[in-house]
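Visitor: From just these sequences and the hints, can you work out the full model?
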Amino acid sequence: MVLSLKAEGIGFGYPGGPLLLDGVSFALEAGQSLCLLGPNGTGKTTLLRCLLGLERVARGRIELCGRDLASLSPAESARLVAYVPQDTSTVFAFQAFDVVLMGRSPHLAFMASPTPEDRRLALAAMARLGIGHLAERPFLELSGGERQMVLVARALAQGSTILVMDEPCAGLDVGNQVRIIRIIRQLTREGYSILLTTHLPDHAFAVGGQVALLKDGRLAGPAAPETLLDAAALAALYDTPIDVIRVPAGPAIGQYLCVPVIHDP
Amino acid sequence: MSLPQDSRATPIAATGNARLNLLLLGSGAVVLALFLFSFTIGPYPIPAGTVVSVFLGRLGLAEKTWTDAVEMVVLDVRGPRVAAALLVGGALACAGATYQNLFRNPLVSPGVLGVSAGAGFGAALGIILGMPGFGIQGMAFLLGLVAVAFTVWLGRSFDRHATLVLVVAGLVVSAFFQALISLIKIAADPLNQLPTITFWLLGGLHRMSAATLLSALIPIAIAGFVLHALRWQVHALAAGEDEARTMGIDVRRVRLALILAATLMTAACVSISGIVGWVGLLIPHIVRMLVGPRFPAVLPMSALIGGGFLLGIDNLARFPGTTEIPLGILTALIGAPFFALVLARTRRQWF
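Protein chains in written order, with the numbering used here: chain A, -7 to 257; chain B, 736 to 1086.
To be clear, the hints were calculated from the coordinates, so they are not data collected in a lab. As the structure is a prediction and not an experimental result, all values here were calculated from the model. It is possible that part of the hints are untrue.
What the hints assert, rightly or not - Partial chain A-side listing against chain B, Cβ under 7 Å, derived:
1. Thr82
2. Val83
3. Ala85
4. Pro98
Even glycine gets a Cβ: it sits at the ideal position worked out from N, Cα and C.
Guide: Following this line, the structure appears as structure tokens:
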């Protein structure tokens, strides 16, 4: 089976600066998700930028569906991997549909505008996430949760099977966080490979895939959250005591909770 | 998650362009009427019917019932000037719309970014060096590029995301090139060169000839083709350079091509009409109010509305019974308050 996404010993640093990523390796198959945890400023965003081709790695190799990222044109890599940013700021008053339609860019012929087929695919991507009714709403007037959904729809319209999501739940209320997590689980079941970052360790359990810990440019994992995320690992990662609890009863039985210890020592 | 049939698929997919085509057609009709009207006014009034007959006669579709003098006024005197107004207005508006999308900044334009001042300095330099028309255009293009490069560098070295920083950087670069232009005025021969430079810098389309028009038409057509070819890439750049790159846009190349094309357009305009401000800033906003912010629609509409706007203003400039008013003065007199209105209406969406 060809791996969807493979990073092999990648190292990256800005010219003249320290290495922000050092020997990072992991692999994702179709239908797998990987949740990336790590404290602020530890290189999560840098890693995502490298995987998306926005930064060129200094060492190592990134493969998308078996092809070397460094040898792909922007359009070629965009057909393999799509990016779901935390939020996007458009200067002009686009409708949500316009934002989704932009995802069709890597499939357009030279000098062409989107065809009716591209428009149909963009609308289908919105319908698939249950946000077809938002199509003609001004993007900037949508709520944070709706905007995140529109950005996921844009990535689906792009037709790539690898999705890179930068803190998809940041700034969302609990209800919207759950909606996004459900969509990530659903898309993974449908065969997408999804890499996401989060600041909430609970989400690593909730997403139901692998987890990896990034600290000071080095990666631990990937592994199943149940084996990697114990109290000691989380405490070392975030430099604060954190307890990991399994819900013993009730509707959420069996779910894991990561609870930071707030009590004065 | 299956793919449910969205009942609204058809309306958006099919009618998106119908409204645009209707608006293009309507504006085209208005501009055409204005175009014909422009030939009728002047110290030697000619009825619109005669103007149409002259055109038809030229195409071999009408018997000649008018004098040679009328034909000369229509085709050789007013023709190049009217065409130049359409061309310069349309090109400045397209360049402005492009810069605004590229820099994701609704407050920039060829004037604001310092391109006009840079190109003006280049052209003025060409004039006092006694260069031929082609050399003057080349100088305008080169110095226009230098100006926009400085503005972008200055803006990015401070804060690449702040809208106003780029505007201030353009102000700085513009002021610098304006000072250089003043230096050239001092150095210019006060009898021949100085009046030429001064009047030309204020902006105007007087003494336009078919040859001059053609010299600007060629670079503008080339640049216009580039902008048309890249219209969807320009559109997608509105999502930001990084996101556009992840959506398959070759941002580095596209950005370079766009800066070259928009600057070439501006320089070609400056070299035949002097510094005409406000068109490139104002028109794209009016166009977005009419057709929305999608660049593939904004581009042709900007060409049309920009051309019509400058033609209307040039008609005012040469209105019979008044002395010829430099175009740059009129576009500022009309453009500034108009832009203030636009600003008051749409400011909420920008920052």
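Visitor: None of the hints should be skipped; say for each whether it holds.
Guide: For each hint, the structure was consulted:
1. Thr82: holds, 6 Å
2. Val83: This interface hint holds because 5 Å falls under the 7 Å limit.
3. Ala85: Since chain B brings a Cβ to about 5 Å from alanine 85(A), closer than 7 Å, the hint holds.
4. Pro98: holds, 3 Å
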